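Asker: Chains A and B are the protein sequences, given in the same order.
Following the numbering used here, the numbering of the first sequence begins with 37 at its first residue and continues without gaps.
Following the numbering used here, the numbering of the second sequence begins with 2 at its first residue and continues without gaps.
There may be inaccurate statements among the hints.
As the list claims (entries may be wrong) - Computed, partial: chain B to chain A, Cβ under 7 angstroms: (1) 2; (2) 4; (3) 8; (4) 16; (5) 18; (6) 25; (7) 46; (8) 49.
Hint data in this document are derived by calculation from the structure and do not stem from the laboratory.
Computed from a prediction, not measured in an experiment: that's the story for all the values here.
Here a beta-carbon is modelled for each residue, glycine too, at the ideal position from N, C-alpha and C.
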Amino acid sequence: MSAALIPLDFVVRRHLLTAFASGATPTRGLVLQALALDYAQLSASYARLAEAHVVVLDSGTGEVSMAMPFSAVPTAFRVVVGDHAVWATCAWDAFGIAAALDQDVSFTTPCPASGAVIAGGVRRGVAFAPLTTVAYVGVPASRWWDDIDFT
Amino acid sequence: MPVAQLAALGRRWYRGRLAPDWQPRSLEASQALLESTGFTGPFWSFTG
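This is chain A alone, in the form it adopts within the complex:
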């Protein structure tokens, strides 16, 4: 997490997060148009943001696949925020979306062990989920970014 960000990166990052929060998927084309950037400017900004672990880029398309806590691609965590829904990258981030947006959220996710549907969320600022629910983190923190898609 050593990349130096420049002011443009903060603008790009905020645009991405705001778009994801609204339920949109900010493709390069949409971001270029919205921020009146050229392709090289945006590519360089994406590279710095990825190096700083602020976003994750799809290795094939170069599109933003994650801007934590949001995911651009479907996951097991569909989070309802107000009248729309967004994808969270994981359980941690599903709860984190409530904090990032300062809004209540609700989500359902299948239990990886039993397949049973687990309902969780944040209501009036208080997290809820079945009392017996536990979360499993299988990768030590020092290796989270070795393969963030797996983590």
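Assemble the complex: chain A is given as a structure, and chain B must be docked to it using the hints.
Answerer: Just chain B now, kept in the frame of chain A:
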């Protein structure tokens, strides 16, 4: 980990993430946040 602890981490980790004055958190600050939320020990160490 209990889900309540995970929810607390999510709340603390992402609070202010869309604030106009957001700045990236240093590795040291992230480590401190984990530890203050109860995630301690080698497994939760960014430096291994």
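Asker: Against this structure, judge whether each hint is valid.
Answerer: Results for each hint:
no., hint, verdict
1, 2, "holds, 5 angstroms"
2, 4, "holds, 4 angstroms"
3, 8, "holds, 3 angstroms"
4, 16, "holds, 4 angstroms"
5, 18, "holds, 4 angstroms"
6, 25, "holds, 6 angstroms"
7, 46, "holds, 6 angstroms"
8, 49, "holds, 4 angstroms"
Taken one by one, the earlier hints all hold for this structure without exception.
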